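**Student:** Spelled out, the chains give:
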Amino acid sequence: MYILIELIGIFFFAVAGSLMAARRGFDLLGSAFLGGVCGLGGGVVRDLILNQSPATFEHPVYFVPPVLAALCVYAFTPAVQKLHRLVQLFDAAGLGLFCITGTLKALENDFNPVTAVLLGVITSVGGGLMRDVISNVTPDLFNPRDIYALAAMVGAALTAVAWHLGVMNVPVGAGIAALAFAIRVASIRFSWSVPLAAGHWHRSHPATGSNDGPQRHY
Amino acid sequence: MYILIELIGIFFFAVAGSLMAARRGFDLLGSAFLGGVCGLGGGVVRDLILNQSPATFEHPVYFVPPVLAALCVYAFTPAVQKLHRLVQLFDAAGLGLFCITGTLKALENDFNPVTAVLLGVITSVGGGLMRDVISNVTPDLFNPRDIYALAAMVGAALTAVAWHLGVMNVPVGAGIAALAFAIRVASIRFSWSVPLAAGHWHRSHPATGSNDGPQRHY
Amino acid sequence: MYILIELIGIFFFAVAGSLMAARRGFDLLGSAFLGGVCGLGGGVVRDLILNQSPATFEHPVYFVPPVLAALCVYAFTPAVQKLHRLVQLFDAAGLGLFCITGTLKALENDFNPVTAVLLGVITSVGGGLMRDVISNVTPDLFNPRDIYALAAMVGAALTAVAWHLGVMNVPVGAGIAALAFAIRVASIRFSWSVPLAAGHWHRSHPATGSNDGPQRHY
Chain A
1 MYILIELIGI FFFAVAGSLM AARRGFDLLG SAFLGGVCGL GGGVVRDLIL
51 NQSPATFEHP VYFVPPVLAA LCVYAFTPAV QKLHRLVQLF DAAGLGLFCI
101 TGTLKALEND FNPVTAVLLG VITSVGGGLM RDVISNVTPD LFNPRDIYAL
151 AAMVGAALTA VAWHLGVMNV PVGAGIAALA FAIRVASIRF SWSVPLAAGH
201 WHRSHPATGS NDGPQRHY
Chain B
1 MYILIELIGI FFFAVAGSLM AARRGFDLLG SAFLGGVCGL GGGVVRDLIL
51 NQSPATFEHP VYFVPPVLAA LCVYAFTPAV QKLHRLVQLF DAAGLGLFCI
101 TGTLKALEND FNPVTAVLLG VITSVGGGLM RDVISNVTPD LFNPRDIYAL
151 AAMVGAALTA VAWHLGVMNV PVGAGIAALA FAIRVASIRF SWSVPLAAGH
201 WHRSHPATGS NDGPQRHY
Chain C
1 MYILIELIGI FFFAVAGSLM AARRGFDLLG SAFLGGVCGL GGGVVRDLIL
51 NQSPATFEHP VYFVPPVLAA LCVYAFTPAV QKLHRLVQLF DAAGLGLFCI
101 TGTLKALEND FNPVTAVLLG VITSVGGGLM RDVISNVTPD LFNPRDIYAL
151 AAMVGAALTA VAWHLGVMNV PVGAGIAALA FAIRVASIRF SWSVPLAAGH
201 WHRSHPATGS NDGPQRHY
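Chains as they are written, first to last, in UniProt numbering: chain A, 1 to 218; chain B, 1 to 218; chain C, 1 to 218.
No wet-lab data here; the hints were simulated from the structure. A quick note: this is a predicted structure, and the numbers were derived from the prediction, not measured. There is no bait here: all hints are sound.
Under 8 angstroms between C-beta atoms, here's a sample of chain A residues computed to sit facing chain C:
hint : residue
1    : Arg24
2    : Gly25
3    : Asp27
4    : Leu29
5    : Ser31
6    : Phe33
7    : Leu48
8    : Ser53
9    : Pro54
10   : Pro60
11   : Tyr74
12   : Ala75
Residues of chain C placed beyond 10 angstroms of chain A at every Cβ, according to the derived structure:
hint : residue
13   : Leu4
14   : Ile5
15   : Pro54
16   : Glu58
17   : Leu83
18   : Gly175
19   : Phe190
Even for Gly, the Cβ is constructed at its ideal location relative to N, Cα and C.
In isolation and in its complexed conformation, chain A is listed as follows (with noise of 0.2 angstroms):
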């Protein structure tokens, strides 16, 4: 179960990395290597602060569906338009898994449920991250006008009272990611958001917000 769940959310995962490279007119080389920073990017990370080798790279399977998901793009590039709606999906997707996934290999490490919700959410929104950042966009995790991190929040939170009620199977965890995934993805159809990290400001602030952060500094 663990390994299959993993590959699905890597690939959604890189499939949202690949449509960012289309989006930002990278090559089809970017675009694989972006969208395995983008599957693989989170697990990498939770198993660096798990002081462990990154299963990553002992089984050369996790480097498949990255290439696979440059492919698909490649193959069938969307409209523009579309594109940053895709990637939020796609995100939204593997997001739903690894919160999952990050939180149970944190608490089979014998990691406090805190911390194990916190390394599931970490999981779960590196590799979108990790993608945005290099991508030189403003990461999705912070834009205030929908839900991401809560979302991850609430699976990751789900899956550690399952595993300590010890009903974590399959069905449940299924319905965990569906959750996960629907509050995204909700958050972004009707607008539902978090408040601003700026108590009293107007919400049109963040435009300019965003854009006078580099001139700045000079």
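Since chain A is already given, all that's left is putting chains B and C on it; use the hints.
**Tutor:** Below, chains B and C alone, put in the same frame as chain A:
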């Protein structure tokens, strides 16, 4: 002493991270996350380099400061035009404390003084660098208008000397931290600066330098 | 041979990093830091993935090349319009050497050939990727106008083959490095390129693609 200094330093960096989140218009969870990255990132990198499981993920207490910081920034949002200065101020406070803890931890792990000082610098600039990179702004670390890494380097070097002389204790540490903090803040106030990477250019160059970057590629 | 090649490769990458610092208007310390990240980053990531304490931090000698590079760039600052080309040239030289050392180190650690080649590629593109990411520019790695990762991949693959045939020695290594370097440089000169991630788009797209990124979010 050690843990306490770390927690205080983490809080200062976390506030800097959450203020950056406010400045960039991110949401409250993004604020806690960015505060966590800024406050804990440097230490995690240091521990990974020391090939240890990051202390951060063994004591959940390390995650309290970022949450507190995000709530403080949410509750007492400063005026937007003050944000950049405040980020720099709290960042400087964290810098002063982390250049000590980072260097000490490396020395206690039998690293040679040169490497220990470098690890101290990496620990103290790492969090702020990650904050700026994932916020998609040009890192403060590279701002040619003031002194950043040099302040951390002075603090780390003095720490290494004090440690080798066996006179490292709370007051000495406090003095070193205060000095590093003072150098950083004074350099911003009085525009002290290190020479540019490009020897003979006019100081007005950076403005263009910082903007033609991304465009250059395509 | 091994250490020497690494040091030379580190110097080339460090010069590329310091030139980028000059191009972006950073200061001298930022130049040494960026050179260090560019020259040592790939190797550190490789060692972390190999779950080893990074060699970089055990021999202070590794920090000499970045300091030298920063001083060279400071002393002989080229004309600004030449900077981007020079960054690419030194980057290509480092690429040629690192795709060999990275692959060999992975093979010596009993990694399977596929993973070893990938680690070689990661080692050789990692430093430049970090340089571009923390300089807040779109990574050269993703530039669709020339060949980057493919050159490293060819070098890494040939290294793996030579190692398995037991014919890996200095001249062979030099030949492989020269080939990878030549592919990279020729691709820039003659605009060889890999197909775009998005199959059927017009090559003029990237320009917009690279700029609408950040704005897209808010």
